[in-house]
Amino acid sequence: MATDSMVHQHDNNSDALWEGGQEPFKASYGKLMMWYFLLSDAFTFAGFLIAYGALRFSMPTWPVPDFVFSTLPGGFHHKPLIFVTIMTFVLLFSSYTMVRAVQEGHHENKRGVVFWMFLTVLGGAAFLGCQAWEWNTLIAGEHMTVTVNPFGTHTEFGTYLEGDGRDIKAGDNFKPGDSYLIHKDNGEWKNLAYKVTEGENAGMTKNLEFGPKAFGALFFFITGFHGFHVLSGVIFLLIIMLNVATGLYHNRGNKYEMVEKIGLYWHFVDLVWVFVFLLFYLL
Amino acid sequence: MSNLTYEESKSVALRIILLLGAITVVEVIIALLGKGYLVSGFYLPHWLVAGTMIILSFVKAYYIVLEFMHMKYEVPGLVKSVLLPTLLLVWAIIAFMYEGNTWGNKRSLIQNKNKEAIEQVTPSTPVAE
Numbered sequence: 081m082a083t084d085s086m087v088h089q090h091d092n093n094s095d096a097l098w099e100g101g102q103e104p105f106k107a108s109y110g111k112l113m114m115w116y117f118l119l120s121d122a123f124t125f126a127g128f129l130i131a132y133g134a135l136r137f138s139m140p141t142w143p144v145p146d147f148v149f150s151t152l153p154g155g156f157h158h159k160p161l162i163f164v165t166i167m168t169f170v171l172l173f174s175s176y177t178m179v180r181a182v183q184e185g186h187h188e189n190k191r192g193v194v195f196w197m198f199l200t201v202l203g204g205a206a207f208l209g210c211q212a213w214e215w216n217t218l219i220a221g222e223h224m225t226v227t228v229n230p231f232g233t234h235t236e237f238g239t240y241l242e243g244d245g246r247d248i249k250a251g252d253n254f255k256p257g258d259s260y261l262i263h264k265d266n267g268e269w270k271n272l273a274y275k276v277t278e279g280e281n282a283g284m285t286k287n288l289e290f291g292p293k294a295f296g297a298l299f300f301f302i303t304g305f306h307g308f309h310v311l312s313g314v315i316f317l318l319i320i321m322l323n324v325a326t327g328l329y330h331n332r333g334n335k336y337e338m339v340e341k342i343g344l345y346w347h348f349v350d351l352v353w354v355f356v357f358l359l360f361y362l363l
Numbered sequence: 794m795s796n797l798t799y800e801e802s803k804s805v806a807l808r809i810i811l812l813l814g815a816i817t818v819v820e821v822i823i824a825l826l827g828k829g830y831l832v833s834g835f836y837l838p839h840w841l842v843a844g845t846m847i848i849l850s851f852v853k854a855y856y857i858v859l860e861f862m863h864m865k866y867e868v869p870g871l872v873k874s875v876l877l878p879t880l881l882l883v884w885a886i887i888a889f890m891y892e893g894n895t896w897g898n899k900r901s902l903i904q905n906k907n908k909e910a911i912e913q914v915t916p917s918t919p920v921a922e
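Chains as they are written, first to last, in my numbering: chain C, 81 to 363; chain V, 794 to 922.
So here's chain C without its partners, still in its complex pose (with noise of 0.2 Å):
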C-alpha cells in the first residue's frame, strides 16, 4: 500500500516535469536541438577549417589568394577580392532578410513572412549562382583539379624564358613572392622554362612547378560542403515559405517558430561564411 502511493505521488511529479508545462532553457525542442545541431556543424566545419591552416602552415609556400581569386564576370582580370567580397554582401543581406522574416512571424504578418523569406530564398540562390561561376572559372578555364593545383608562389629571383601567351612574356623577371598560373593548353601543361638569377642556384634552368596538392582538395571540399549547406538551407527555405502561405505555422499559433528554426541554421551558413572568407580570401 505504502508502496503504490508513493508511486502514485512519483508519477504526478513527474508529470508536471514531462508534460511540457516547463521547458528546458525556456526554448522549445525543436529550437534547442537546432542549436545543438549547429554547434556540432560548427565541429565539423572547425576540423576541416582547422585542417586548412595546419597544411597551409606546414608548406613553404601557398597560393596568395589575392593572385587565385581576381578574376570576374564580364572578362575582368586582376581585380583582387571584388568577386568574393559581393558574395559576402550576398549572404549577408540574405541574413538580414532572415531576421525581418523571423520579427515579422513574431508580429503574426503572414504576408510579410512570405515576402521577406522569398527575398532570403533570392539571396542564397543568388550566393549559390556566384559560387558556380567561380568554381566554373577555377576548373574550366583554369583547370585546377582536387589533385593538381596549378597556383604557384616563386621563391627565387629569375627571368621567364617563354612565354605563356598570355600575361607571361619571355624575358619577364619575378621576384620571391611572385605569383603564377600555369596554364593547359590543349592537355598540355605548360610548365614554362624559367633562369634563376640570384642566389644558391643561380645559372640554373628551371621549370614551373605546381603549387601545394592540398590547395584544391581544400578549397573545393570546404567551399563545396558550404555551399552544400546553402543549397539544401535553400530548399528547405522554400518548403517553409509554402507551408507559412498556407497558413500551416499560423495555425500553429506558436509565432512562426519554424521559420525562427530555419533563420538560426540560415544565419550558422552566413557565420561559417565569414570564417572560410577570412581563412581562403583575406589571409
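In case anyone wonders, no lab produced these hints; they're calculated from the structure.
Don't be surprised by glycine CBs; every beta carbon is placed ideally from N, CA and C.
Do not rely on the hints blindly, as some may be mistaken.
Claimed, not checked - Simulated crosslink set (BS3-like; lysine-lysine; CA at most 25 Å straight-line):
id, chain 1, residue 1, chain 2, residue 2
1, C, Lys190, V, Lys803
2, V, Lys828, C, Lys341
3, C, Lys264, C, Lys249
Claimed, not checked - Example chain V residues on the side facing chain C (calculated, C-beta under 7 Å, incomplete):
id, residue
4, Ser802
5, Ile810
6, Leu813
7, Ala815
8, Leu826
9, Ala843
10, Ser850
11, Ala854
12, Leu880
13, Leu882
14, Ile887
15, Met890
16, Gly893
To be verified - Examples of chain V residues toward chain C, derived with CB under 7 Å:
id, residue
17, Ala806
18, Ile816
19, Thr817
20, Val821
21, Ile822
22, Leu859
23, Phe861
24, Lys865
25, Gly870
26, Val875
27, Ala885
Guided by the hints, dock chain V onto chain C, whose structure is given.
This is chain V only, laid out in the frame that chain C set:
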C-alpha cells in the same frame, strides 16, 4: 524572446546589418591596402593585416550569433551549453598549428638531408674511377 518592441527590433536588425557590411568593407580595404593594391609602394606588416582580419571576423561572428541568432535573449544555461564547448577549439587550433609547423620543419629537414647526400657522393665519383 527579447522584450524589444517590433519597431525597436526592426531598427536593431538594420543597425547590425549596416555594421556587418561596414566591417566587411573595412576588412577588404585593409587587405588591399596592406598588400599594396590601393596605394602603390605602400604596404602594411603582415602580422598587422592578419591580426586585424582575425579580430574583425570574430566581431562579425559575435554580432551574428548574439543579435541575428538572438543568443543575447536566451537564458544563461542555453548560452553556456552552446558557447562553452566551442572553447575546446582553442586548444585544437593551437595544437594543429603547432603540428603543421612541425610537418613543415620535418619536410625541409628531409630536403636538406637529401641535398647533403648528393653533395657527398658527387666528389667521390672521380676518385673511384
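Status of the hints after comparison with the structure:
no.: 1; hint: C:Lys190 - V:Lys803; in the structure: holds (17 Å)
no.: 2; hint: V:Lys828 - C:Lys341; in the structure: violated (41 Å)
no.: 3; hint: C:Lys264 - C:Lys249; in the structure: holds (16 Å)
no.: 4; hint: Ser802; in the structure: holds (6 Å)
no.: 5; hint: Ile810; in the structure: holds (4 Å)
no.: 6; hint: Leu813; in the structure: holds (5 Å)
no.: 7; hint: Ala815; in the structure: violated (11 Å)
no.: 8; hint: Leu826; in the structure: violated (11 Å)
no.: 9; hint: Ala843; in the structure: holds (6 Å)
no.: 10; hint: Ser850; in the structure: holds (4 Å)
no.: 11; hint: Ala854; in the structure: holds (6 Å)
no.: 12; hint: Leu880; in the structure: violated (12 Å)
no.: 13; hint: Leu882; in the structure: holds (5 Å)
no.: 14; hint: Ile887; in the structure: violated (10 Å)
no.: 15; hint: Met890; in the structure: holds (6 Å)
no.: 16; hint: Gly893; in the structure: holds (3 Å)
no.: 17; hint: Ala806; in the structure: holds (4 Å)
no.: 18; hint: Ile816; in the structure: violated (10 Å)
no.: 19; hint: Thr817; in the structure: holds (6 Å)
no.: 20; hint: Val821; in the structure: holds (5 Å)
no.: 21; hint: Ile822; in the structure: violated (10 Å)
no.: 22; hint: Leu859; in the structure: violated (11 Å)
no.: 23; hint: Phe861; in the structure: holds (5 Å)
no.: 24; hint: Lys865; in the structure: violated (13 Å)
no.: 25; hint: Gly870; in the structure: holds (5 Å)
no.: 26; hint: Val875; in the structure: holds (5 Å)
no.: 27; hint: Ala885; in the structure: holds (6 Å)
Of the hints listed earlier, those the structure fails to meet are numbers 2, 7, 8, 12, 14, 18, 21, 22, 24, in rising order.
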